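Engineer: First to last, the protein sequences are chains V and D.
Residues in the first sequence are numbered consecutively from 17, following this note's numbering.
Residues in the second sequence are numbered consecutively from 218, following this note's numbering.
In short, the hints are calculated from the structure, not lab data.
A couple of the hints might just be wrong.
Taking lysine-lysine and the DSSO-like style, the derived pairs with C-alpha atoms no more than 30 Å apart in a straight line are [stated by the list, open to error]:
| no. | chain 1 | residue 1 | chain 2 | residue 2 |
| --- | --- | --- | --- | --- |
| 1 | D | K641 | V | K217 |
| 2 | D | K480 | V | K441 |
| 3 | D | K629 | V | K271 |
A quick note: this is a predicted structure, and the numbers were derived from the prediction, not measured.
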Amino acid sequence: MRKNVRIILSFALSLLVLVAQAQNPKGKYGTFALTNATIQTVTKGIIQNGTVIISNGKITAVGTNVAVPQGAEQIDCKGQWIYPGMIDGGTRLGTVEVSSVARTVDNNEVGDIIPQMKALTAVNPNSALIPVTRVSGVTTVLSAPDGGLLPGTAALINLHGYTPDQMYAGFEGIVMNFPSTGRRGFFDRRTDEEIKKAADKAMEKINDAWEKAIQYHKLDSATKGKGVSYYPEMQALMPVVRGEQLLMIEVDASKDIQSALKWVKEKKVKRVVLMGVQDGWRVADEIAKAGIPVITGPVQAVPSREYDRYDRAYANAGLMKKAGVTVAIRTANAENVRNLPYHAAYAAAYGLGKEEALRAITIVPAEIFGVADKLGSIEVGKSATLFVSDGDPMETKTNIKQVFIDGWQIPMVSRHTQFYDEFLKRDPGVSKTQK
Amino acid sequence: MKKIFSSLFLLALLSPAWAQVQRGNLLIKNGTVITITKGNLENTDVLVKDGKISQIGKGIAAPAGYQVIDATGMHVMPGIIDAHSHIGLSTINEATQPNTAQVWTGDAVDPMDVSIYRALAGGVTISHAMHGSANAIGGQCETIKHRYGTVDAEVMKMEGAPRTIKFALGENPTRVHGEGNSIVPRTRMGVEFVIREAFNEAKEYMQVWDAYNAAKGQKGFRGAPPVYDGRKETIADILKGNIIIHCHSYRADEIYMLLRVCKDFGIKKLVFQHVNEGFKVAPELAEYGAMASVFADWWAYKFEVYYSTAYNAAILTKNGVVTSINSDSEELIRHLYHEAAKTQKYGGLSDEEALALITINPAKQLGIDSRVGSLEVGKEADIAIFKGHPLSTFTIPMITVVDGLVRFDREKDADDQRIYVDPKQVADNATFHEYKHNHDNCLEGAEMTMTKLFGLN
Chain V
17 MRKNVRIILS
27 FALSLLVLVA
37 QAQNPKGKYG
47 TFALTNATIQ
57 TVTKGIIQNG
67 TVIISNGKIT
77 AVGTNVAVPQ
87 GAEQIDCKGQ
97 WIYPGMIDGG
107 TRLGTVEVSS
117 VARTVDNNEV
127 GDIIPQMKAL
137 TAVNPNSALI
147 PVTRVSGVTT
157 VLSAPDGGLL
167 PGTAALINLH
177 GYTPDQMYAG
187 FEGIVMNFPS
197 TGRRGFFDRR
207 TDEEIKKAAD
217 KAMEKINDAW
227 EKAIQYHKLD
237 SATKGKGVSY
247 YPEMQALMPV
257 VRGEQLLMIE
267 VDASKDIQSA
277 LKWVKEKKVK
287 RVVLMGVQDG
297 WRVADEIAKA
307 GIPVITGPVQ
317 AVPSREYDRY
327 DRAYANAGLM
337 KKAGVTVAIR
347 TANAENVRNL
357 PYHAAYAAAY
367 GLGKEEALRA
377 ITIVPAEIFG
387 VADKLGSIEV
397 GKSATLFVSD
407 GDPMETKTNI
417 KQVFIDGWQI
427 PMVSRHTQFY
437 DEFLKRDPGV
447 SKTQK
Chain D
218 MKKIFSSLFL
228 LALLSPAWAQ
238 VQRGNLLIKN
248 GTVITITKGN
258 LENTDVLVKD
268 GKISQIGKGI
278 AAPAGYQVID
288 ATGMHVMPGI
298 IDAHSHIGLS
308 TINEATQPNT
318 AQVWTGDAVD
328 PMDVSIYRAL
338 AGGVTISHAM
348 HGSANAIGGQ
358 CETIKHRYGT
368 VDAEVMKMEG
378 APRTIKFALG
388 ENPTRVHGEG
398 NSIVPRTRMG
408 VEFVIREAFN
418 EAKEYMQVWD
428 AYNAAKGQKG
438 FRGAPPVYDG
448 RKETIADILK
458 GNIIIHCHSY
468 RADEIYMLLR
478 VCKDFGIKKL
488 VFQHVNEGFK
498 VAPELAEYGA
508 MASVFADWWA
518 YKFEVYYSTA
528 YNAAILTKNG
538 VVTSINSDSE
548 ELIRHLYHEA
558 AKTQKYGGLS
568 DEEALALITI
578 NPAKQLGIDS
588 RVGSLEVGKE
598 ADIAIFKGHP
608 LSTFTIPMIT
618 VVDGLVRFDR
628 EKDADDQRIY
638 VDPKQVADNA
648 TFHEYKHNHD
658 NCLEGAEMTM
668 TKLFGLN
C-alpha cells in the first residue's frame, strides 16, 4: 500500500513537472552555491561538508569555510557528492546521430589523407544524443573523425551550447589511423597476405604525406608563410610536424603499436597520444618507455584473440597503468557515451583501482588535451563543469542530480526521461475513453 | 550405399543416448544466497546432489565426496539466463526466404565456441541460441546450457526445454527481402501479410491432414496422404500452442500488429525481443500477457530505435509485463548483471526486480522457470557466485556452476580456454572490432546482403 502511495505520489509529481515544462527547458546561468556536499576534487582529495561556488562560468570557491555570495542560488547538496564533469577521450558524439543511417553520419569524409576535415564543423549542437549523455554526468567529449588514414581533426566539446563554437572546449588534434595488421571484424575475410599488403601500402601513403608536410613546413618557415600555395592537407599537418598540435594515433594490435612507436621515434613526432590500444597490455613496457600516453577503450569489450583471457579488455587499462603508462579511458561510442563511468568501473575492478579509474575519465584526459587549467578537477579558477550525484558515478545505482557546464545549470531532461514521464503510466491506457 | 544410410539412421537413433549430461555433487558454504523468489539468506549453504539443489540452509555438513566451495563474503545467485543470444552457433541466418520456419538452430550448435566460456565467466548458464532476424518468420531456436567442455552438440542442448521460434518485424526483414531481393516484405504492411499468410496456410494444412487422419482409419479408404511440408508443420505447431514465438521487434506499431495477428489466430505464447518501443504499448502487452526481452540501454544504432529510452525495462515492469534483459551480443552477455543494474538508474527498480530480469523472468520467457531461474530445492543447480553484490559495477563473477559442476572458476582460469584449435589458424590472428558500426548481431550471416548492410545497417 505504501509503495502504491509512493508510486501515485511520484506520478503526480512527474505530471506536475510535465505541466511546468510545457516547453523544452533551458539552461540557466548565474551564481550558484552548492553547499553541504562531499567534494571529490580529484586532484586535491575529498572535502567533507564543503561548498562550491559557481560564478561567471567558473568555480570561484571550494572548501569548508566558504561564504555564500549575496544573490547566489543556494543548492543544498546534503548527502550528495560533487565531481568534475566526466571527459570521454574518444567518441563520435555530435557528428553521428543514427550510425546505420548514412545521411546522419558526418564523421567519415571521402579520402585517405584529409587532416583538414574538421569534426567541430559537423557537430550538431541539437543532437538528441547530447542531452542523453550530459544528464549522466559526461560533460565533455572528444568528437573524432574516422575513416581513412588521416581522417581529419578531432575536437573536444562541452555538451552544452547552440553553436559548435559555444561547445568548443579548447582542444583540437589530428587523428591518424595507423595501418592495421589485424582484422576488422567477423566480416573481414581478407587473407593475411592481403592484410599485410594493404597495411604496407597505407604506410607508404602516410610516410609520403608526412614527408610532404615536413617540406611544406620548411618552405613555410623559410618564406614566413609567403612561399607556400594553398595546400589544405599540409596546412593541417604543419602544426603536428612542428610539435604544436597533438597527433592522435588510433592503433590496436601489439605489432602495430610497436610499429607506431617506432614510427613516432623515427619521425621525431613531438606530441602523440595512442588511441584504442586494445593490445596495449602486451607491449605496456614499451609504451611506458616511449613516454606516450594512451586513451584506451572501450573497456567493455571482448578480447581481440580467441586465446586471450576472457577479461583482457577489462584488465588492459590496469596492466598498462601498472607498467607506468598514462591512461585515459574512452567509450569510442556515440549514443551510449553515457556509459563512460561504467567502462571506468570495469577497468577499476579488474586492476586499475577506483581512484585511477576516476582520474582516467577526468584529469588525465584533460591533461592529455592540454585543458587541465579549465577541466578535469574541482579547483578554484577552473570552468564550472561539474555534476552533483547521490553516490559514486561509477556505480549504476547512482543518480546524477545536477549538471553544470561552463557555469550553466543544465536541465535534467533528455529524450529518455521525457519518454519515461509520458509513458510510465500512459494515458489513455488500453481503452481510449477510460481514464 | 543403402548400408551407409541405414547405419547413419541407426546413429541418429542412438545419439540421444550419447547425450550424457554430467551432473555434480557440491556444497556451497556460507554465502549470501540470493534466491530471487524467496528473498536473501545470509551465511547460508546450498547443497547440490546429482545436479539439483537438494537443500538450502545453515550449517549443512558436506557428505563424503562432495566438492566444497567456500563462499564466505560472496553472493550466490541463480545462473543468469539470456533470452536472446547467438553464441554457440556456427550460423544464424537462413536468409533465403521471408519464412524459414522449417530450419532450426539446433542443427548448427557449436559447443566449441569460446564465447560460451566467456559467457560463463559472466555468470551466464543458459542462453537462447536464436535464429537471426533476416526473415519475418525465421527458424526455430535452441535453448542451450553452457556445459562448456563437451564437444557434443547434443549435450549442449537443454533437454526438455520448450520449442521456440524467431520472428522478426521492421527494418531487417524488409531490407533483406524487399530491398535486397525485391520480394514481399518491403514494408511493415508486407511483414504482417507474410505472417498472416503463413498462419492461414498452416491452418489449411492442418485441416487437410486432420481430414486425412480421420479418413484413413475408415474401412476401404484408399487415398494418399497429403504432402509433408516442414515449414507449415512448424507453423501449425505454433497455432497448436506447442512453440513459443520470440519476435524481434522495435516499433510500437509493429508490436501492436503482431499482438492483433496472434489474437486473431488464438496464439498465446508470445515474447517480444528487443522491443525498444514496448514501453509505448506496455498496457496492451500486459493485457495480452505477452512478455518482453529488452536491452538495458541500447538505442539510436538504427532508425527504428531512435525514439526509444533506457527506461523501457522499468516502464514495462511497472506496467506488469514480464520483462527480461538480454544481450544479443557475445560481449554484452558477459555482463548482464551490470545491464540489469542499469534499471536501477533508469526507473529505480529494486534489487529483486532488477535481478529477476536476468533470472526467473527470462526463464519464464523460455518456458523453463519450473527448472531454473531461482535457487530453490528441487531446481537444477545452475549457480553464479560473485565477489561483491552482482548489481555493483565493481563486482567480479568468481565461479559459475552448471548442473552442479563448476564450469568457470576465475582462480583456475587459464589464458587459452579454447577446446579446439584449428591447425590452419594463424597464431597471431587478432580481430579488432570496429565499434563505429554498432552491428545488429541479429543480421550476422545474412551473407548475400552483407555488403549492402555493412555501413547501412
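Engineer: Is it true that the CA of D/K641 sits at most 30 Å from the CA of V/K217?
Structural biologist: Distance ~26 Å between D/K641 and V/K217 Cα, so the pair holds.
Engineer: Starting from D/K629, check that the Cα of V/K271 is at most 30 Å away, please.
Structural biologist: holds (29 Å)
Engineer: What's the verdict on D/K480 and V/K441, does the C-alpha distance respect the 30 Å limit or exceed it?
Structural biologist: Holds: D/K480 and V/K441 sit about 24 Å apart, inside 30 Å.
In summary, this structure violates none of the numbered hints.
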